[in-house]
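Protein chains: 2
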Amino acid sequence: MVDHRGRPFAELIGRVVTRLKKFYRTENDVLILTASGTGAMEAAIVNTLSPGDKVLAVTIGSFGDRFIEIAEVYGADVTVLGFEWGTAADPEAIRDALKADSAIKAVLVTHNETSTGVTNPLQEIAQVVREADRLLLVDAISGLGSIPLATDAWGLDVVVSGSQKGWMVPPGLAFVSMSERAWQAFETSKMPRFYFDLAEHREFLKKGQTPFTPAVSIFYGLDVALEKLEAEGVEAVYARHARLAQMTREGVKRLGLELFVRDERYASDTVTAVKCPEGVKVKDLRNLMEDEFDVVLAGGQGKISDSIFRIGHLGLVSEADIQDVIESLAQALPRLGFAVPAYNR
Amino acid sequence: MVDHRGRPFAELIGRVVTRLKKFYRTENDVLILTASGTGAMEAAIVNTLSPGDKVLAVTIGSFGDRFIEIAEVYGADVTVLGFEWGTAADPEAIRDALKADSAIKAVLVTHNETSTGVTNPLQEIAQVVREADRLLLVDAISGLGSIPLATDAWGLDVVVSGSQKGWMVPPGLAFVSMSERAWQAFETSKMPRFYFDLAEHREFLKKGQTPFTPAVSIFYGLDVALEKLEAEGVEAVYARHARLAQMTREGVKRLGLELFVRDERYASDTVTAVKCPEGVKVKDLRNLMEDEFDVVLAGGQGKISDSIFRIGHLGLVSEADIQDVIESLAQALPRLGFAVPAYNR
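Residue numbers (the numbering used here), protein chains in the order written: chain F, 224 to 568; chain L, 224 to 568.
Take these hints with a grain of salt, some might be off.
Intra- or inter-copy, both count: the list cannot distinguish identical chains.
Straight-line Cα separation of at most 16 Å, EDC-like style, residue types lysine to aspartate or glutamate; simulated pairs [what the hints assert, rightly or not]:
#1 Lys506 / Asp226
#2 Lys413 / Glu295
#3 Lys244 / Asp446
#4 Lys526 / Glu515
#5 Lys526 / Asp313
#6 Lys498 / Asp529
#7 Lys429 / Glu347
#8 Lys504 / Asp319
Simulated from the structure, these hints should not be mistaken for laboratory data.
Next up, chain F with everything else stripped away, as it sits in the complex (with noise of 0.2 Å):
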């Protein structure tokens, strides 16, 4: 490792910011820290917040859930807009929620639900929040320079990212974006934060380094990965995804099985949760698919554990390795009683 208090690392870290500027198309501060996306969830609330702030958290899965627990933790006001699982946020709610109550500080929304692989309809919620002039705090962190999202053009005030989603790069990284909106109410903001400080983040970075020794060897790796992703073009790598996902649901759907997402222009182009067909046991579709044809699907979450699996298509995964799934899925689900449809290569 070189020595994160030296030259290199400064140089490192310095064009890996530039670099993440890019696919979080803006100007404002990302700051990069050594945790999982979760630790970034915890820093975008901490950082803005006050014991007893009333909060709008948008919620339509799982990781909608982690957002509001992690504000209750700290103290927050929490309001819950729940949306049923396999549908995305609809603005107009949220719209009427914020005139509702005027005393809400901040908006809590996911971009890309993972565990419904859904993804919201952020730029008309984005839309919404900025009319009524509140906080918005967004967790990116399976969408962020995979599917379109521009923080500066819509308006976002807080984004959070994590480096092993669409930026291949191993776990261990969690990247932060903070607007001027979001810098003014951390001024006020009340709620206890040290390892998760932003503005101490922002002070370290300014020398090319992090307040705490950072996870050096996966700089390394985001650096690379931004330089490739870089080359391939932003809308490039939108298109890319959008394609292999649009592949990913046709093929499930010729295998005679059902989208979890209720309404398919907002499916995610990264992840794809699937209905698992009745009779099939979700864990012995995953244990069978992994150990005769390496592929592995992930299971559901919370509720919804025992009723879907789900297909990753973000970052570096090919067309072949879809059709390798789609076909490995085409031979393994009649072996465990689902009878498959004539099925075209």
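Got chain F sorted already, so can you dock chain L onto it with the hints?
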């Protein structure tokens, strides 16, 4: 990366935790966080204390001061027992401080103070704290696994370490052990915590997982490193560090330089702090050593940042490395105006 909710990761984390316990010398829970060591220091505090709790913070340098800052941010009522930088803490002074205030619930102490190159007499300190029946939280980040420490035999309640130190792997993982007493304190502890909630970590560890996505790649490195360390044997690892440290101190003194530690019995076996000779700027020495001799020295921290430099000798460091550092210093110092005494290789 393997699926961190899958079987291969469960085996990996199980093996790593079992091995870590041997170096912790404990049967207590050892939990692994994706964070810098500072994150684990924060975890130690927020999982055992409540706002308003009285704690005695023993500090002999900047990492002792950091423990104080964290406790204060979360609302603890901190009594500071500071000792001059370059000296170790006096167990008798700790005994007196605990006698003077029976309301003190916990003691915070640094095992090995990286900023000054001083190792505290932790066993004696622990004895005093055990006799007074208070909780003992230990920052052992830069010593554990390299310098003798026996969690159970000494009665240490919370012991914190970090992957990038004697464990020889990249930064990104931090470890925390929790004694039964610490878990009892957890039950009534009211400081807010989510990402660093150790009960969640304990719960997920039962199924071979972490609550949030862990830095998987670093687990692989740690697994290999622990296997090597285990093959070498705990006592042999301690002896290796003691030998290299002794060699470093002797080499430095032969150059006519003075150690920063006041009493060599407390000199750290993982890092040696050296007074920068008068007339030589620390920054110039560090730059010259790096640019022309390929040796990276650390500077000082806080109030001694311009008066000392430090030589690390923990983890993957050989006698040849130390010899190289001393020889390079012998060549570099005269070029900066410091006359090195007649020097024998």
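Checklist entry - Is it within, between, both or neither when you check Lys504 against Asp319 at 16 Å Cα-Cα? => result Neither way: Lys504 and Asp319 sit 41 Å apart in one copy and 64 Å across, limit 16 Å.
Checklist entry - Between the shortest in-copy and the shortest cross-copy C-alpha distance, which are at most 16 Å for Lys526 and Glu515: within, between, both, or neither? => result For Lys526 and Glu515, neither the intra-copy (28 Å) nor the inter-copy (61 Å) Cα distance is at most 16 Å.
Next on the checklist: For Lys244 and Asp446, with the copy left unspecified, which applies at a CA distance of at most 16 Å: within, between, both, or neither?
Outcome noted: Cα proximity of Lys244 and Asp446: one copy only (13 Å, versus 35 Å across).
Item to check | 16 Å Cα threshold - placement of Glu347 relative to Lys429 | outcome: neither (34 Å within a copy, 42 Å between copies)
Next on the checklist: Reference check for the pair Lys506 and Asp226, CA-CA at most 16 Å: within, between, both, or neither?
Outcome noted: between (45 Å within a copy, 15 Å between copies)
Item to check | Identical-chain pair category, Lys413 with Glu295, by Cα at 16 Å | outcome: both (14 Å within a copy, 13 Å between copies)
Checklist entry - Is it within, between, both or neither when you check Lys526 against Asp313 at 16 Å Cα-Cα? => result Classified as neither; 22 Å inside a copy, 55 Å across copies.
Checklist entry - Is the C-alpha distance from Lys498 to Asp529 at most 16 Å within one copy, between copies, in both cases, or in neither? => result within (10 Å within a copy, 63 Å between copies)
In this structure, the earlier hints numbered 4, 5, 7, 8 are contradicted, and the remaining ones agree with it.
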